[in-house]
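Engineer: Chain by chain, the residues run as shown.
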Amino acid sequence: MSVEITRNTKNAITIQTPMMPAAGTFGFGDVYRDIIKVDLLGAIVTSPVTYEPWHPATGTKVVPLDSGVLVHTGLPNPGLHKTLKTYRNLWSMMPIPVILHLVATTAEQIRKSITRIDEEECIAGIELGLNDDISAQEAVKLVETAVKRGEKPVLVRLPMLDAYEIAEAVADAGADALIISAPPRGTARDPKTGKLVSGRVYSPIVKPMVLRVVGQLMRRLKEIPVIGAGGIHTLQDARDYLEAGATAVQVDSVAWIQPDMLEKIARDLGGKSVTKETGAFPDEWYPGMGDTEREKRRRGESFKE
Amino acid sequence: MSVEITRNTKNAITIQTPMMPAAGTFGFGDVYRDIIKVDLLGAIVTSPVTYEPWHPATGTKVVPLDSGVLVHTGLPNPGLHKTLKTYRNLWSMMPIPVILHLVATTAEQIRKSITRIDEEECIAGIELGLNDDISAQEAVKLVETAVKRGEKPVLVRLPMLDAYEIAEAVADAGADALIISAPPRGTARDPKTGKLVSGRVYSPIVKPMVLRVVGQLMRRLKEIPVIGAGGIHTLQDARDYLEAGATAVQVDSVAWIQPDMLEKIARDLGGKSVTKETGAFPDEWYPGMGDTEREKRRRGESFKE
Amino acid sequence: MKETQAVIERIKQVNLGYQRIELSVDESLLQIKPGQSILARLTETWDPYLRQQWFPVNLLNGKLIVERPLSETYEIGQVIHVLGIIGQPFRFRKTLRNVLLVAYDTPPIPLLMTIPWLLANKVSVTIALLGVATSYDTQHLPPEVEVELGNNEGEFLWQNQVMTLGWADQVFVTVGPDNEFSRFANVIERVRELRHDVPRHYLFGVFQQLLPCGAGACHSCMIRTDEGTALICLEGPAFDLTQVILR
Amino acid sequence: MKETQAVIERIKQVNLGYQRIELSVDESLLQIKPGQSILARLTETWDPYLRQQWFPVNLLNGKLIVERPLSETYEIGQVIHVLGIIGQPFRFRKTLRNVLLVAYDTPPIPLLMTIPWLLANKVSVTIALLGVATSYDTQHLPPEVEVELGNNEGEFLWQNQVMTLGWADQVFVTVGPDNEFSRFANVIERVRELRHDVPRHYLFGVFQQLLPCGAGACHSCMIRTDEGTALICLEGPAFDLTQVILR
Ligand SMILES: Cc1cc2nc3c(=O)[nH]c(=O)nc-3n(C[C@H](O)[C@H](O)[C@H](O)COP(=O)(O)OP(=O)(O)OC[C@H]3O[C@@H](n4cnc5c(N)ncnc54)[C@H](O)[C@@H]3O)c2cc1C
Ligand SMILES: Cc1cc2nc3c(=O)[nH]c(=O)nc-3n(C[C@H](O)[C@H](O)[C@H](O)COP(=O)(O)OP(=O)(O)OC[C@H]3O[C@@H](n4cnc5c(N)ncnc54)[C@H](O)[C@@H]3O)c2cc1C
Ligand SMILES: Cc1cc2nc3c(=O)[nH]c(=O)nc-3n(C[C@H](O)[C@H](O)[C@H](O)COP(=O)(O)O)c2cc1C
Ligand SMILES: Cc1cc2nc3c(=O)[nH]c(=O)nc-3n(C[C@H](O)[C@H](O)[C@H](O)COP(=O)(O)O)c2cc1C
Ligand code: FES
Ligand code: FES
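From first to last, the protein sequence lines stand for chains A, B, C and D. Sequential numbering of the first sequence, starting at 1, is according to our numbering. Sequential numbering of the second sequence, starting at 1, is according to our numbering. Sequential numbering of the third sequence, starting at 1, is according to our numbering. Sequential numbering of the fourth sequence, starting at 1, is according to our numbering.
Where hints are given, some of them may not hold.
[As the list claims (entries may be wrong)] Covered stretches of chain A, going by a simulated chain B footprint (3 or more residues, C-beta under 8 Å):
hint, segment
1, 183-191
2, 209-217
[Claimed, not checked] Derived DSS-like pairs (lysine-lysine); straight-line CA-CA distance at most 30 Å:
hint, chain 1, residue 1, chain 2, residue 2
3, D, 33, D, 122
4, C, 33, B, 37
5, B, 37, C, 12
6, A, 37, D, 33
7, D, 33, D, 2
8, B, 195, A, 222
9, D, 122, A, 192
10, A, 148, A, 85
11, A, 10, A, 82
12, D, 33, D, 94
13, B, 148, B, 10
14, D, 94, D, 63
15, D, 12, D, 2
16, C, 33, B, 192
17, B, 148, B, 112
18, B, 192, C, 122
19, D, 2, A, 37
20, A, 192, D, 94
21, A, 112, A, 85
22, B, 85, C, 2
Calculated from the structure, these hints are not laboratory results. A quick note: this is a predicted structure, and the numbers were derived from the prediction, not measured. Think of the CB as a built atom: it goes at the ideal place given N, C-alpha and C, for glycine as much as any other residue.
Just need the whole structure built from these sequences, with the hints factored in.
Structural biologist: Right, here's the structure in full:
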């Protein structure tokens, strides 16, 4: 069930399973390999990279929310050159496409970055991450820069709050696919310090909001693949985005809390469904594996007096 | 600690406690009177009213979310004339200002509604509820209509997704105050029918998102009071909006789940603080009232064998 | 309506799928009558967000009895936050001899509190369990209650349907919560086939929609009737199906 | 790292504020060493969202022992979802004779697993409890452990500070989680006042930041060191404070 997720006809990206992790939630492809079969994902989207190195943020970086979390990392990364040097080998060996998330800073930096990325065969495409406070006009400028400069498809990740305004403009500017959307930004009070912290909000509650934006935009946008992203925590959440018209989905923070949900969603959307009772995969199941500790206790081997 | 929540100098609304329920979460002022001291709230904002009667929505109207709920009511109401007839007496007797939430449908209906509302002394002001998909241009037209037509202050409730775009335009068009924001819209799957339902998302997770919008807008907006609204579920949530620069807050769905939280927030912001241990109010507290059932059990009167 | 606390005093499995929970409640809740309910909140977190609607099945020695699925875990001593009383009692006729309760694709729990009340008043009670409700095990119900089981196809049909509908002075029907409206529309259509002129105050639908506020504040439980609109949480849960606009 | 399940086998109150919980765990977790931790998830709901970081205090007869506040409620038989092992063991020197553990404005729990391990290896252990940690009741710790209590002002100061710092071959400090960085900066500043040339691998900060992923995926636990950056969840929790950039 292969699907083309970009309209860049020359170098279109085709994936076998319409899902991938979202940038910033999965590292650079080197983590979670003990826990899930990374090969089953449709693609890998790397952590955000900038042309120059960026330092980690200081102060409180994580604020727990009710059914969610606010995270501010500062998008730390060793810069494009060092990142490529470190991960080039790993990415070359990956059996699935690697999409590099490039933070859309300035036109100049985008130009230099794209030129450099174009040299790398191990990278299938570029996801351009727009700043949350960007205007449609600025967004167009940066996307045009990226598209003109390189050979690889450019996917653009839109902010949630202004997705309506920016989507069409960016599609006309030549984006090869849209990711709708980046996790919304928020401000929450750190219970430890009492200070307000600004960052990204990750929660299952984000999903209904973004799903509606995707649903609305699908009616307006023509001929550009849309990747739905926001708050996916269950198989049904992922299916809902596809039903709303998305070509594929990006799964974000559930990877942190239940890493194997990534594999479950990948198998579900890839048609390799999960057996109901145990949550085991057909190629893994053996009789009796459903006997989790909880089940054993239900059958009477209780430790309660 | 009285505070002016509108800049309409002629008929400015002054409230004693900088909080009020949000439109659509509190009925018309006739409910919750058994549970809380409504007089302690700063004002009442009515359920949404339209010039013509509107029917309730059909199909699924409530979808539970993780730490939240999606609600689609269709904004049913008996129309402006019938509403005024039914509640005029109640509102006249209220010791706090009553703000009527008027759904911003067409300029013509707004004009007729405002003319009618101006005749009613029991109404202190009008909250104009903008459609979520409205453009800034349309919003300006409707607000201008409302402002020109009447004598009473016009507060405007903005959609969350487009608040940035609409806020300044509407302020320039003569709005007397802004409510930031209406509960965001979303689409969620009804577990009972498997169908997608579109409605408003109520959840504590909405708060960090809207708080950030309020924080950002406070730096841009000049000389217009802003009422912060979205996801307030605790005393601290309410205080956070005031700290971000809001003149007052609207409290929404927590009223449904914990009605007495409305009174707690009102007392907190009004300076009538709540005693920590029991959650009792100083004018209600008596020794031993902290002994909830849970406490009694902790002290050893356990029913467990 | 008040916000109060209740405490679980006793838990007893009553059949294959359900347990009965005995609650010490605030005095104000002892006024509760068949048809009325409480909104329960079990955790201090916001997930789940909405309160659960609990229809008591009995009021015994000053304790409220509720029936919950065995799959849910409760503890003796557990404190439950309660909002209530929600709704109006079923409006039984003064001169009542036979009542028919029907649960169609949903457990009959919202109807069960009528049973001790009606039996004590010498009213005969028949309960028809249709569709998935046929798997509801009635061993714990008083033996005086006549139980009718639906046909295997899960239709609105049971063996003595014509007779029981004819004998009944009043009928209370509750249906699966997916699309209550069209289910109730089917019910009234079927009853009309059997009994040409369905009288007023004869056939009641017992609505089980989710109630965010239970207080008349949110307006999400509003339905249309031939007299205007009504709120399920304030005026329900039972409405005369000949009066509700079911489209 | 694996996702596994653990079961609570025993619960025992050990002092005024804490209970010790004995967990049956997946075999892979029996490799855990002092300094390493697990991420526990107690509910099936999304509130709370993040997993809790649990530092075991012992590994006894193949069971993992964790220490939790009494205010939290646990049940025997309760199943806990576990992600682990998280982080690296404390890097103890080969030739170790005296270790100083310091808990400053936070319970000493992340440090406690070292105690049975060090005592078994004939290493003397001193624990200094400062600030709010002075209220941590040490009655259940082995009598061989020397306990020092901080001064009443809650400063980084105790009676035999100069001596214990001098004698110690290695020092492991954990601090209140509000602004760990500036607290650690104060600690190293104070130690430098007392011991002019703080050697490498002598003074370790044990970081307790919230770990959303614990796997190196989210980058929110990244700190800067004089060799570049490091992730607390992969390379921590202990870092040589002379190497961490604490601004
Ligand atoms: C001037 C004016 C007059 C109006 N008059 C009326 C009126 O008379 N009656 C009335 O009911 N409304 C009226 N409306 C309201 C307006 O039509 C609403 O916007 C409309 O009800 C749907 O809006 P929504 O925001 O719910 O859209 P959406 O959320 O986009 O929902 C529209 C439909 O699409 C489905 N859907 C949404 N997202 C997805 C998805 N991702 N995948 C699959 N399906 C999806 C939803 O289930 C829903 O059925 C009026 C609006 C205006 C501006
Ligand atoms: C071209 C460009 C270059 C940039 N370069 C850098 C750089 O070198 N370094 C860097 O760190 N960032 C940089 N940024 C990021 C940019 O500055 C961020 O937008 C900035 O860090 C704050 O944005 P925010 O979205 O977090 O704002 P906000 O959420 O508005 O937060 C800003 C501050 O206000 C406080 N605050 C927010 N809301 C409230 C409220 N309601 N009440 C009280 N206080 C509140 C927050 O705590 C925070 O301290 C750059 C951005 C651009 C576009
Ligand atoms: C041009 C630019 C430069 C930035 N440089 C830094 C930086 O050096 N350090 C930092 O902490 N964040 C930096 N940021 C990141 C922002 O502070 C902000 O964290 C980021 O845009 C979104 O991060 P979040 O998702 O972690 O909240 C920079 C952002 C931009 C757009
Ligand atoms: C002009 C206009 C007319 C509407 N008429 C109806 C109506 O007759 N019935 C209805 O269910 N909703 C009607 N709606 C409401 C919308 O369907 C939608 O529910 C509302 O805008 C927001 O409702 P919610 O908060 O309940 O989702 C109307 C909305 C507008 C703007
Ligand atoms: S449940 Fe809110 S009005 Fe009935
Ligand atoms: S906790 Fe996510 S990278 Fe360390």
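Engineer: Against this structure, judge whether each hint is valid.
Structural biologist: Going down the list of hints, with the structure as the test:
1. 183-191: Three-residue rule met by the segment 183-191 of chain A, so holds; n is 6.
2. 209-217: Our answer is that it holds, as 6 residues pass the Cβ test (under 8 Å) against chain B, meeting three.
3. D:33 - D:122: The hint holds at about 17 Å.
4. C:33 - B:37: The given pair, whose Cα atoms are some 28 Å apart, holds under the 30 Å limit.
5. B:37 - C:12: Status violated; Cα separation ~40 Å.
6. A:37 - D:33: Holds. Residue 37 of chain A to residue 33 of chain D sits at ~27 Å (cutoff 30 Å).
7. D:33 - D:2: Distance ~16 Å between residue 33 of chain D and residue 2 of chain D Cα, so the pair holds.
8. B:195 - A:222: holds, 25 Å
9. D:122 - A:192: violated, 38 Å
10. A:148 - A:85: Given that 30 Å is the threshold and the Cα spacing comes to 25 Å, the pair holds.
11. A:10 - A:82: Distance ~28 Å between residue 10 of chain A and residue 82 of chain A Cα, so the pair holds.
12. D:33 - D:94: holds, 16 Å
13. B:148 - B:10: Holds. Residue 148 of chain B to residue 10 of chain B sits at ~14 Å (cutoff 30 Å).
14. D:94 - D:63: With Cα atoms ~27 Å apart, residue 94 of chain D and residue 63 of chain D stay inside 30 Å; holds.
15. D:12 - D:2: holds, 28 Å
16. C:33 - B:192: Holds. Residue 33 of chain C to residue 192 of chain B sits at ~28 Å (cutoff 30 Å).
17. B:148 - B:112: holds, 12 Å
18. B:192 - C:122: violated, 38 Å
19. D:2 - A:37: holds, 13 Å
20. A:192 - D:94: Violated, at about 37 Å.
21. A:112 - A:85: Within the cut-off at roughly 16 Å; holds.
22. B:85 - C:2: Between residue 85 of chain B and residue 2 of chain C the Cα gap is close to 29 Å, so the pair holds against 30 Å.
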